[in-house]
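Protein chains: 2
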Amino acid sequence: MKIAISGKGGVGKTLLASLLSRIFVEDGYSVLAIDADPDANLAATLGFPHAEKITPISEMSALIEERTGARPGQAEIYFKLNPKVDDLPEKYCLEYNGIRLIVMGRIKKGGSGCYCPENVLLKALVSHLLLARDEVVILDMEAGIEHLGRATAKAVDKLIVVVEPGRRSVETAYRIGKLAQDIGLPNVAVVGNKLRSQSEREFLISSLPGFEFLGFIPYDQALVDADLANLPLVESSQQIITEVRNIYRVLLPITSGTKHNKLDKEHKW
Amino acid sequence: MKIAISGKGGVGKTLLASLLSRIFVEDGYSVLAIDADPDANLAATLGFPHAEKITPISEMSALIEERTGARPGQAEIYFKLNPKVDDLPEKYCLEYNGIRLIVMGRIKKGGSGCYCPENVLLKALVSHLLLARDEVVILDMEAGIEHLGRATAKAVDKLIVVVEPGRRSVETAYRIGKLAQDIGLPNVAVVGNKLRSQSEREFLISSLPGFEFLGFIPYDQALVDADLANLPLVESSQQIITEVRNIYRVLLPITSGTKHNKLDKEHKW
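Quick note, the sequences are listed as chains A and B, same order. Using the working numbering, the first residue of the first sequence is number 40, and each one after it goes up by one. Using the working numbering, the first residue of the second sequence is number 40, and each one after it goes up by one.
Looking at chain A on its own, in the form it has when it is part of the complex:
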């Protein structure tokens, strides 16, 4: 099962990625979470100790040079476009509470004419994680799908676009839906977040008529308060956890036909 999560900045992508990771692990799945959003901090939200000190792959200059033949920042013309990456997940993942995590760092966006060693390594690593690994992979992305391409699109079981009640996040959802279509990624669905009322829910449903909704997560001040008090976000709101569990149940049938490396643990649901 491969899940990619995108949406406008601030809508709650990282919270959803964290809670889904926790629920899959609790249910006995082997989970690899990937932080591919430099503006977020999946490690901190998952409760990893010293999350701010983790070096992302994109900043490991020696590794990038070893694998691509070019040092980041140097104007090299030639470097390997298919660097070896299959050993990187084991070497560079961190583990906490049963969740394994890879922090990717900043990928450069934009036109296909812009290659650089960091991007080549990150893209090769994402391809490997989506195409060759058999655990549950949860990819926390930016407000786009720059990490994905035609070759990896088919491997994504669900691209979840998180939206909040607001026009800008709906516009971003349409833009992401269009990008997904362009690369041949058909499995796009939406999760509404920070909902305060029935009318906000209806706004989202009527604004996104072409989209499948996986669920609606309520706004809960308890989450904000837990954040300010530096308490674990993933445990702060029972009503949010309950709703993400519902989303998990909707996602689960997708795994039935795929390899997912489920461990021998009693099914809790």
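Because the hints were derived from the structure by calculation, they are not lab data. Some clues are possibly wrong.
Given that identical chains are not distinguished, each listed pair holds provided it fits within a single copy or across any two copies.
[Said to hold, decoys possible] Pairs of lysine to any residue residues, derived as SDA-like cross-links and limited to a Cα-Cα distance of at most 25 Å, are as follows: (1) Lys217 / Ala90; (2) Lys130 / His89; (3) Lys92 / Leu247; (4) Lys123 / Ala265; (5) Lys217 / Pro95; (6) Lys217 / Pro77; (7) Lys123 / Leu218; (8) Lys197 / Glu251; (9) Lys119 / Pro271; (10) Lys193 / Ser69; (11) Lys197 / Pro77; (12) Lys119 / Asn285; (13) Lys119 / Ala268; (14) Lys193 / Leu170; (15) Lys92 / Ser245; (16) Lys217 / Val289; (17) Lys193 / Glu134; (18) Lys217 / Arg284; (19) Lys119 / Cys132; (20) Lys92 / Tyr68; (21) Lys92 / Ile222.
Given the coordinates of chain A, work out where chain B should sit on it, guided by the hints.
Just chain B, lined up with the frame of chain A:
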């Protein structure tokens, strides 16, 4: 007066940029607003008609080729690193309610080893707008300061980092503060947004001890409701307007020593 606005995705950068643009124009200044955040929509927030149909500079392939000598997406080795841009503001800005707007589009982030024609043109344009223009320039950026460099840092009168009550936005503020220091940009200040209580305000003050606070904008459901009803955001909340006017008054003395092209209009404040 040159103001750059940054902060984590979703904190309210575009709203602050819009309201400040409006207030400067109302007060008789000539304002050029720059949308440099592809995940936002400054045009829509400012009420520009058909905002979704505006072509950003970064997607004007013919223009980029004309000015840099290289077509975006082509693997050209040589192109002009100092393209002519001084005529672009007049040619490609849009105007509505007295505010002139340039939509930049996506700039590529990351290491200095990655050049491409789009980036070269956008960076040259931002340099020109900051260094050679004499109106009030308000730059709405992403969660970073990729558009700025050592050459333009001195021209920014204030880099405003917007934060909301939440650890992630505070972490982003520290990261932006560090980037600003790296390029020699000393005038960094913070605006707190979406505040619901005195304790949230105290959280921000105690979390950012090294930062100057320009003001605190309250959370107002009226803003969300106006957005959902597709009403103009910049007019939706009187308490938010009042607080942004206070921030404007704090910013104003900065202009006294600089050229600002103020028109002959009665001072309203």
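Verification of the supplied hints:
1. Taking identical chains as interchangeable, the C-alpha atoms of Lys217 and Ala90 lie at most 25 Å apart only when they sit on different chains, with a minimum of 18 Å there against 34 Å within one chain.
2. Taking identical chains as interchangeable, the C-alpha atoms of Lys130 and His89 lie at most 25 Å apart only when both belong to the same chain, with a minimum of 19 Å there against 50 Å between chains.
3. Taking CA atoms no more than 25 Å apart as the test, Lys92 paired with Leu247 passes between copies only; the shortest distance there is 19 Å, against 39 Å inside one copy.
4. Taking the shortest alpha-carbon separations for Lys123 and Ala265, neither the intra-copy value of 41 Å nor the inter-copy value of 51 Å comes in at or below 25 Å.
5. For a Cα distance limit of 25 Å, the shortest separation of Lys217 from Pro95 across copies, 17 Å, qualifies, whereas the shortest one inside one copy, 29 Å, does not.
6. Proximity of Lys217 to Pro77 under the C-alpha cut-off of 25 Å is found in both arrangements, the shortest distances being 23 Å within a copy and 15 Å between copies.
7. With identical chains, the CA atoms of Lys123 and Leu218 are never at most 25 Å apart, being 28 Å at best within one copy and 32 Å at best between copies.
8. In the homo-oligomer, the alpha carbons of Lys197 and Glu251 lie at most 25 Å apart inside one protomer (11 Å), although the nearest pairing across protomers, at 43 Å, exceeds that limit.
9. Neither within a single protomer nor between protomers do Lys119 and Pro271 lie at most 25 Å apart by alpha-carbon distance, with minima of 41 Å and 51 Å respectively.
10. For the homomeric pair Lys193 and Ser69, the shortest alpha-carbon distance inside one copy (21 Å) is at most 25 Å, but the shortest distance between copies (50 Å) is not.
11. Both within a single protomer and between protomers do Lys197 and Pro77 lie at most 25 Å apart by alpha-carbon distance, with minima of 22 Å and 24 Å respectively.
12. When the C-alpha separation of Lys119 and Asn285 is checked against a cutoff of 25 Å, the pair qualifies neither within a copy, at 44 Å, nor between copies, at 54 Å.
13. In the homo-oligomer, the alpha carbons of Lys119 and Ala268 never lie at most 25 Å apart, since the shortest distance is 47 Å inside one protomer and 51 Å across protomers.
14. Taking the shortest alpha-carbon separations for Lys193 and Leu170, only the intra-copy value of 9 Å comes in at or below 25 Å, while the best inter-copy value is 47 Å.
15. Taking the shortest alpha-carbon separations for Lys92 and Ser245, only the inter-copy value of 22 Å comes in at or below 25 Å, while the best intra-copy value is 43 Å.
16. For a Cα distance limit of 25 Å, the shortest separation of Lys217 from Val289 inside one copy, 23 Å, qualifies, whereas the shortest one across copies, 42 Å, does not.
17. For the identical chains of this complex, Lys193 and Glu134 are neighbours neither inside a copy (28 Å) nor across copies (43 Å), given an alpha-carbon limit of 25 Å.
18. For the homomeric pair Lys217 and Arg284, neither the shortest alpha-carbon distance inside one copy (28 Å) nor that between copies (39 Å) is at most 25 Å.
19. For a Cα distance limit of 25 Å, the shortest separation of Lys119 from Cys132 inside one copy, 23 Å, qualifies, whereas the shortest one across copies, 41 Å, does not.
20. For the identical chains of this complex, Lys92 and Tyr68 are neighbours neither inside a copy (27 Å) nor across copies (45 Å), given an alpha-carbon limit of 25 Å.
21. Taking CA atoms no more than 25 Å apart as the test, Lys92 paired with Ile222 passes between copies only; the shortest distance there is 22 Å, against 35 Å inside one copy.
The structure fails hints 4, 7, 9, 12, 13, 17, 18, 20 (numbered hints given earlier, in ascending order).
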